[in-house]
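Participant: Listed below, chain by chain, are the residues.
2 protein chains.
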Amino acid sequence: MALNDLEVLPRNESGISTAVDVLKQRFGEQLKTSQSLREQHSHTMTYIPSQLPDAVVFAKSTEDVQEIVRVCAEYKVPIIPFGTGTSLEGGVNAPAGGISIDLNDMNKIISVNEEDLDCVVQPGVTREALNEHLRDTGLFFPIDPGANASLGGMAATRASGTNAVRYGTMRENVINVTAVMPDGRVVKTANRARKTSAGYDLTKLMVGSEGTFGVITELTLRLYGIPERISAGVCQFDSVDGACQTTILSMQAGLPLARIELLDSLQVEMINAYSGLEYEAKPTLFLEFHGTNAAVDEQIEMFNSFAEEFGGSGVQWVDSTEARNKLWKARHDAYYAMLAWRPGCRGIATDACVPISKLAECIAQTQSDAEELNLVAPVVGHVGDGNFHITPLVMMDDADEVARAEEFIERLNLRAIAMEGTCTGEHGIGQGKRRFVRLEHGAGADIMMSLKKAMDPDNIMNPGKVVGL
Amino acid sequence: MALNDLEVLPRNESGISTAVDVLKQRFGEQLKTSQSLREQHSHTMTYIPSQLPDAVVFAKSTEDVQEIVRVCAEYKVPIIPFGTGTSLEGGVNAPAGGISIDLNDMNKIISVNEEDLDCVVQPGVTREALNEHLRDTGLFFPIDPGANASLGGMAATRASGTNAVRYGTMRENVINVTAVMPDGRVVKTANRARKTSAGYDLTKLMVGSEGTFGVITELTLRLYGIPERISAGVCQFDSVDGACQTTILSMQAGLPLARIELLDSLQVEMINAYSGLEYEAKPTLFLEFHGTNAAVDEQIEMFNSFAEEFGGSGVQWVDSTEARNKLWKARHDAYYAMLAWRPGCRGIATDACVPISKLAECIAQTQSDAEELNLVAPVVGHVGDGNFHITPLVMMDDADEVARAEEFIERLNLRAIAMEGTCTGEHGIGQGKRRFVRLEHGAGADIMMSLKKAMDPDNIMNPGKVVGL
Numbered sequence: 001m002a003l004n005d006l007e008v009l010p011r012n013e014s015g016i017s018t019a020v021d022v023l024k025q026r027f028g029e030q031l032k033t034s035q036s037l038r039e040q041h042s043h044t045m046t047y048i049p050s051q052l053p054d055a056v057v058f059a060k061s062t063e064d065v066q067e068i069v070r071v072c073a074e075y076k077v078p079i080i081p082f083g084t085g086t087s088l089e090g091g092v093n094a095p096a097g098g099i100s101i102d103l104n105d106m107n108k109i110i111s112v113n114e115e116d117l118d119c120v121v122q123p124g125v126t127r128e129a130l131n132e133h134l135r136d137t138g139l140f141f142p143i144d145p146g147a148n149a150s151l152g153g154m155a156a157t158r159a160s161g162t163n164a165v166r167y168g169t170m171r172e173n174v175i176n177v178t179a180v181m182p183d184g185r186v187v188k189t190a191n192r193a194r195k196t197s198a199g200y201d202l203t204k205l206m207v208g209s210e211g212t213f214g215v216i217t218e219l220t221l222r223l224y225g226i227p228e229r230i231s232a233g234v235c236q237f238d239s240v241d242g243a244c245q246t247t248i249l250s251m252q253a254g255l256p257l258a259r260i261e262l263l264d265s266l267q268v269e270m271i272n273a274y275s276g277l278e279y280e281a282k283p284t285l286f287l288e289f290h291g292t293n294a295a296v297d298e299q300i301e302m303f304n305s306f307a308e309e310f311g312g313s314g315v316q317w318v319d320s321t322e323a324r325n326k327l328w329k330a331r332h333d334a335y336y337a338m339l340a341w342r343p344g345c346r347g348i349a350t351d352a353c354v355p356i357s358k359l360a361e362c363i364a365q366t367q368s369d370a371e372e373l374n375l376v377a378p379v380v381g382h383v384g385d386g387n388f389h390i391t392p393l394v395m396m397d398d399a400d401e402v403a404r405a406e407e408f409i410e411r412l413n414l415r416a417i418a419m420e421g422t423c424t425g426e427h428g429i430g431q432g433k434r435r436f437v438r439l440e441h442g443a444g445a446d447i448m449m450s451l452k453k454a455m456d457p458d459n460i461m462n463p464g465k466v467v468g469l
Numbered sequence: 001m002a003l004n005d006l007e008v009l010p011r012n013e014s015g016i017s018t019a020v021d022v023l024k025q026r027f028g029e030q031l032k033t034s035q036s037l038r039e040q041h042s043h044t045m046t047y048i049p050s051q052l053p054d055a056v057v058f059a060k061s062t063e064d065v066q067e068i069v070r071v072c073a074e075y076k077v078p079i080i081p082f083g084t085g086t087s088l089e090g091g092v093n094a095p096a097g098g099i100s101i102d103l104n105d106m107n108k109i110i111s112v113n114e115e116d117l118d119c120v121v122q123p124g125v126t127r128e129a130l131n132e133h134l135r136d137t138g139l140f141f142p143i144d145p146g147a148n149a150s151l152g153g154m155a156a157t158r159a160s161g162t163n164a165v166r167y168g169t170m171r172e173n174v175i176n177v178t179a180v181m182p183d184g185r186v187v188k189t190a191n192r193a194r195k196t197s198a199g200y201d202l203t204k205l206m207v208g209s210e211g212t213f214g215v216i217t218e219l220t221l222r223l224y225g226i227p228e229r230i231s232a233g234v235c236q237f238d239s240v241d242g243a244c245q246t247t248i249l250s251m252q253a254g255l256p257l258a259r260i261e262l263l264d265s266l267q268v269e270m271i272n273a274y275s276g277l278e279y280e281a282k283p284t285l286f287l288e289f290h291g292t293n294a295a296v297d298e299q300i301e302m303f304n305s306f307a308e309e310f311g312g313s314g315v316q317w318v319d320s321t322e323a324r325n326k327l328w329k330a331r332h333d334a335y336y337a338m339l340a341w342r343p344g345c346r347g348i349a350t351d352a353c354v355p356i357s358k359l360a361e362c363i364a365q366t367q368s369d370a371e372e373l374n375l376v377a378p379v380v381g382h383v384g385d386g387n388f389h390i391t392p393l394v395m396m397d398d399a400d401e402v403a404r405a406e407e408f409i410e411r412l413n414l415r416a417i418a419m420e421g422t423c424t425g426e427h428g429i430g431q432g433k434r435r436f437v438r439l440e441h442g443a444g445a446d447i448m449m450s451l452k453k454a455m456d457p458d459n460i461m462n463p464g465k466v467v468g469l
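Which chain is which? The protein sequence lines are A and B, in order. Start counting the first sequence at 1; every next residue gets the next number (the working numbering). Start counting the second sequence at 1; every next residue gets the next number (the working numbering).
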């Protein structure tokens, strides 16, 4: 899909019209068809234009979802699950129309099992709401994609973020999901045991399936004890390579980095301007250690010695919640800092992830591309995972710039794949990256298509996403 | 399946006979049909009787596997992948006959990527051979199911073992697999990036599929830095509950336990007798910490204070490789200690795994069952995961004892499922637990069957295992 294009799929007009009528009868005020609400439910944070669903139903229970799915199944009408609408690849768009199921009213925390370090939640609970609820337990849920996303949506897209280097992604932290399947059956993918060999891994099949196999209506998540001490630091380097080599050495030495984020010098300039900070305009690592007092002291000492070896300087460590929050807010505001840097632009999200040994080279070649193609494209990266986001800032009415951005993204994704990596480490395929699934997976893409056919033979679950037609 | 029964599936006699002829032509001395070799390839370590394949082919490459699979696909002949034959649920049996593919000659370590903390291996490499090869790199592969299993087999059964509480299971440590699918296509499930959101999780679909979707011919595994210090300890309690509560508190406090193994007093008596040790006959934890010097000191101190709170006593910590090896050898020899305790018996493997809050209760009720049913059944447990093996020691020619053991296992598996756990934490379903898949998964078992149908429409891949007919 080109940046300004929208793939439009054939619409089942009569089915949609009948299903909307039937659902209206059943759900009354829970169903809305206003233009503004439908727009809001196909809005994405990115450049991808909206494709509106025909109606939005606000589900309040698994039974509601089951009933909506049964009606849609009967009339072969598309279903698009909706959480907070913060997906970055058009996951909530409705290229063939259909029913958006809004899950925000399903926002109960069903249980917190402190001894088991897990909790059971409805899909509309956001990660911030969960952590707020957990405050008095000494536990927390670490996955933090930046946006205050819904946990159901995070599971559906296999999200991660800054803490993944220590705590894993949604892949490692979802113990089970309950989902309504395309024929209306309710399936729970596993029990609450922390490990299982009882047959095929249905949990991992649902995590990252982007709503194309079913609608998640409940999920069990791993929790962690809040560490005794958290220390955050900022370390600046002369080169991206120095920052990457420091990270590699830290990981080989088994340093339990809780976060390690790279910003290139352009991105540092942008956050300086946006957040009133005064970092040097150099490649910079923002990082954090979690642990006991003595352990964190030791980790800081080891990290400092590694960083020094690769030209790192000016490391300052802060422990207080206030100082840490200020530091991470600057990192989390990177996206807004970009947009403010070039007013009127769109930031085109990219999400390459490569083996860490190839990260510095991948970033360097991609920065060269940006220069050659005359694009403004700052870098932030979850460098411990080999995942980085270089974001061309594009004026969408400048056809030449749009074309150059397309060329840039094409090169980046092919480069990541050629380096034994992936075009998407944490955003998902959605509509935006469908073309690259086949390039990346080869015959695996055929397997994916046969899974889709087996799980959703009528192709009603979020059609036009991942490998669905 | 009752303990002494064997489910026999219909045999495709003419297909098998033709396929063996064709393969003999092609593979010559790589194909064997001697009785002893066929017996060895269906032998399991457990009570499950052997069901012989019709021929064994020793594959030397992915291309060999591909050719064998194509021939078997053409004549609709079962394929049973074989590693070291240490699976515990009849995974290598051939209930419908067919071709056993022996993968032991595919034992090359293809690459070790030290900076990326991963390696690429053929499926016949054993975990000990890999760690031997890694010795000079400062890296290691932690998953340790006890037996010196092949890494392909460990991936196929989603194995784990004593280190899972810290390092996860094969689920968390397989980055990708290359597999020959039932139609002969070669599929690589993912690239080497440490995380990916690029479509459905084919890697996790293959891990734990027990050879029912395809034959793994290559895999990429995560590696870890060898910790600066390893300390192992033994701590004895008055009750299983005290040992469990100490474990729960340690995990809530974020203590990075690398191993924590429970032995009940009966099992302690057995290892004392077998290994010439002198532990008190009390519930006992064997545990291990990995980390830097200061961190391990701190962890030991915290653990000691928790253990004291719950009546733990006599903790002794050892650091030297020799002393640690002696300690863990006693734990790893638990199975042989059991068999020696009651000469002539078979140990019936069980593998319940429950949320840790329910572990002490689950063990206590199961021990009561053993007493009520007059069975000798010692307990070892990966207590940090909520996973325990209670092993009735049964004289297989005593029909009454066999019947009581069946009743015992039935109650145990139903109890684990009722406690939101699973009948198998790490052994897999194989033939032995097929009946429990449906009880545990409900409608999920139907989804599993439709996946099996989509992946292997002719049901040639390890038929009669997991949910296959």
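Worth double-checking, as some hints may not be accurate.
Remember, identical chains collapse to one label, so a pair may be satisfied in a single copy or spanning two.
[As the list claims (entries may be wrong)] Derived DSS-like pairs: lysine-lysine, alpha-carbon spacing no greater than 25 Å straight-line:
#	residue 1	residue 2
1	K76	K326
2	K188	K453
3	K24	K329
4	K24	K453
5	K453	K76
6	K329	K188
7	K453	K329
8	K188	K76
9	K60	K188
10	K32	K282
Rather than coming from a laboratory, the hints here were simulated on the basis of the structure.
Participant: Against this structure, judge whether each hint is valid.
Facilitator: Now for the hints, and whether the structure bears them out:
Taking the closest pair of Cα atoms, K76 and K326 never come within 25 Å of each other, the shortest separation being 50 Å inside a single copy and 64 Å across copies. With identical chains, the CA atoms of K188 and K453 are at most 25 Å apart both within one copy (20 Å) and between copies (20 Å). Proximity of K24 to K329 under the C-alpha cut-off of 25 Å is found in neither arrangement, the shortest distances being 43 Å within a copy and 67 Å between copies. In this homomeric assembly, K24 and K453 never come within 25 Å of each other (Cα to Cα): the closest approach is 29 Å inside a single copy and 37 Å across copies.
In the homo-oligomer, the alpha carbons of K453 and K76 lie at most 25 Å apart both inside one protomer (14 Å) and across protomers (23 Å), since each shortest distance falls under that limit. In this assembly of identical chains, K329 and K188 lie within 25 Å of each other by CA distance neither inside one copy nor across copies; the values are 37 Å within and 39 Å between. In this homomeric assembly, K453 and K329 never come within 25 Å of each other (Cα to Cα): the closest approach is 43 Å inside a single copy and 49 Å across copies. For the homomeric pair K188 and K76, the shortest alpha-carbon distance inside one copy (24 Å) is at most 25 Å, but the shortest distance between copies (34 Å) is not.
In the homo-oligomer, the alpha carbons of K60 and K188 lie at most 25 Å apart inside one protomer (18 Å), although the nearest pairing across protomers, at 41 Å, exceeds that limit. With identical chains, the CA atoms of K32 and K282 are never at most 25 Å apart, being 50 Å at best within one copy and 65 Å at best between copies.
Consistency with the previously given hints fails for numbers 1, 3, 4, 6, 7, 10, ordered from lowest to highest.
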